[in-house]
Amino acid sequence: MNTSSSASSCLKNFDWISNYGPSFIIPASNFDVLYEPCDFFQELNKLFANAKNRIYISSLYFGTDPYEYKLIDSIRTALDKNPSLRLVVLLDHLRGLRIDNHKEKTTSKTMFLPLIEQYSSQVDFYLFHTPLLYGFLRQILPTRINESWGVQHMKIYIGDNNLIISGANLNKTYFDNRQDRYLKLNNCSNLCKFFIDIIETIAKQSFKIEKNHDQPIFMGKYHPYKGNNKQYRLEVEKNILSLIKTYQIHYSKPKLLLNDQVLVVPLIQMGIFNINYDRDFNIYLYSHLPYKSKLYFATSYFNMTKEYEKELIDNKRQDTTISLLTASPQANGFYGSRGISRYVPAGYTENEREFIERAEKKYFNDGQIQMLEYYRSQWTYHAKGLWLYEENQDNYPILTCVGSPNFGARSIQRDLEAQLVILTNNEELRAKFHRERIQLFQYGTLVTSNTFKQISRFPPFWGPLFMRIFRNFF
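When the sequence shown is numbered by my numbering, its final residue is 567 and no position is left out of the sequence of numbers.
Honestly, the hints are just simulated from the structure, not real lab data. All C-beta atoms in this analysis are idealised placements derived from N, C-alpha and C, irrespective of residue type, glycine included. Hints should not be assumed to be uniformly reliable.
Said to hold, decoys possible - Calculated cross-link-like contacts (lysine to aspartate or glutamate; reagent style EDC-like; alpha-carbon spacing at most 20 Å):
| hint | residue 1 | residue 2 |
| --- | --- | --- |
| 1 | Lys387 | Glu453 |
| 2 | Lys202 | Glu303 |
| 3 | Lys399 | Glu447 |
| 4 | Lys105 | Glu483 |
| 5 | Lys403 | Glu450 |
| 6 | Lys387 | Glu483 |
| 7 | Lys454 | Glu404 |
| 8 | Lys198 | Asp307 |
| 9 | Lys304 | Glu447 |
| 10 | Lys265 | Asp193 |
| 11 | Lys546 | Glu450 |
What the hints assert, rightly or not - Simulated restraints on C-beta separations:
| hint | residue 1 | residue 2 | range |
| --- | --- | --- | --- |
| 12 | Asn543 | Ile310 | 32 to 42 Å |
| 13 | His306 | Asp173 | 42 to 52 Å |
| 14 | Lys139 | Lys301 | 27 to 37 Å |
| 15 | Ile310 | Lys399 | 35 to 45 Å |
| 16 | Gly460 | Lys546 | 11 to 21 Å |
| 17 | His306 | Arg469 | 17 to 27 Å |
| 18 | Lys139 | Leu349 | 31 to 41 Å |
Assemble the whole structure, with the sequences as input and the hints as a guide.
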């Protein structure tokens, strides 16, 4: 096949992607696909240690174990060596202030306090608070449960002009035996600037931890839970939409995509602010799958929305196949946890059962839609994203999505999410994404409706009712 013609065909078939975000063209050689948690930690540590101008961290939280102290040491070294270096951290307010180590009373905030105090002119530390939790409810809900109302969930890690995007948090399990996906992009200054502007825009409407101040200081005009809640949401919506549209004008739909190039479109999802680029992209993709294509889909928490289910089951092309990989109960991060959260795996099992029964009823169990559960001894599963394979494309994916969304109701309606849709005809890079997908799916075991008839998979009697009531919180 002629590589230049196949590259242009690739762009022609998927030029609609640019409708959902700015279009960045990046050389394929600038991509590093990371496969293991240890690779993620090593690259992250180097990213921070080698930074000379800027470090940006956007995550749910920052852990309090030896791995994380090593990252803090690397950041401190970079700050010491480069007096003009700027560190900006954006975490979630509810999770970032939750005590991780009750003996030492450590939190994400306490991990960064020494840096804030020592390098106050270089360090900005922000905590985003969801506007969905306010009033009496905010006063009575205990920690952990209150996080179900919505969190800052974007996982973007930047050092100078290099970026790692993932679904992984900065916590020891994500560096050890909790499987996720991790993609490093080198020398991508324009994409880094886009995410920096997204982070800065949210930071301006968040709380800041400052030197010699015990309590977080709100930076915005309208308070998310004390002030005009509606006005706060409108303000963030206006600013984020304006930012994305400005970037779409400057980085518009490309006319040409060479074989050594990659089209990268960041998808932002902030349903609480009426920003739904990721949701709309997914709905369009599912309803326009190419002829005889194969879609591989991964989520750590299976909680498919009705909109997604409709496109994947009811409106699916008859000549396409779909394989979904999710965590087995034992690989679910909530498995064996304390309190009400220990029942969460049973809730996701109920979602799986309902989905696969619908699919089997529609397609007579002919394999057009398959569900697999990830199980790897002593490991938990947190990977999410998708890989799209076209017919006659050397058995490598033409498109992949990687980032923080779990494709569930909560990701769409409650959390702040970001992922990249990546389109390329570069064989070497596509082979790397294929290897990534194979390594994840090799731990998947096929489940059918019969699986959920086993005694060990019977949900609690209250399971179905629980998920119907609280589905949008998980």
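Now for the hints, and whether the structure bears them out:
Only pairs whose Cα atoms come within 20 Å are accepted, and Lys387 paired with Glu453 is accepted, the gap being roughly 18 Å. The suggested pairing of Lys202 with Glu303 holds, with an alpha-carbon distance near 11 Å, which does not exceed 20 Å. Proposed proximity of Lys399 and Glu447 is supported: the alpha carbons are some 12 Å apart, at most 20 Å. Between Lys105 and Glu483, the direct Cα distance comes to roughly 14 Å. Compliance with the 20 Å bound is thereby established for this hinted pair.
With a CA separation close to 14 Å, the supplied pair Lys403 and Glu450 stays within the 20 Å bound. A threshold of 20 Å between alpha carbons decides the hint, and for Lys387 with Glu483 the separation of about 7 Å falls inside it, so the pair holds. For the suggested pair Lys454 and Glu404, the alpha carbons sit about 15 Å apart, so the restraint of at most 20 Å is met. For the hint linking Lys198 to Asp307, the alpha-carbon distance of about 15 Å falls within 20 Å, and the restraint holds.
Between the alpha carbons of Lys304 and Glu447 the distance comes to roughly 51 Å, so the proposed pair goes past 20 Å and is violated. For a cut-off of 20 Å, the pair hint linking Lys265 to Asp193 stands: about 12 Å separates their Cα positions. Taken as a hint, the Lys546 and Glu450 pair is honoured in the structure, with Cα atoms around 11 Å apart against an allowance of 20 Å. At roughly 56 Å, the beta-carbon separation of Asn543 and Ile310 lies outside the given 32 to 42 Å, and the hint is violated.
For His306 and Asp173, the hinted distance range of 42 to 52 Å is not satisfied, since their beta carbons lie about 24 Å from each other. Checking the proposed 27 to 37 Å range against Lys139 and Lys301 shows it holds: the Cβ atoms sit about 28 Å from each other. Checked against the hint of 35 to 45 Å, the pair Ile310 and Lys399 passes, with Cβ atoms roughly 40 Å apart. Gly460 and Lys546 have their C-beta atoms about 19 Å apart, which keeps the hinted 11 to 21 Å range intact.
Remark: the range hint 17 to 27 Å for His306 to Arg469 is contradicted by a beta-carbon distance near 44 Å. Checked against the given bound of 31 to 41 Å, the beta carbons of Lys139 and Leu349, roughly 34 Å apart, stay inside it.
The structure is inconsistent with the numbered hints 9, 12, 13 and 17, although it conforms to all the rest.
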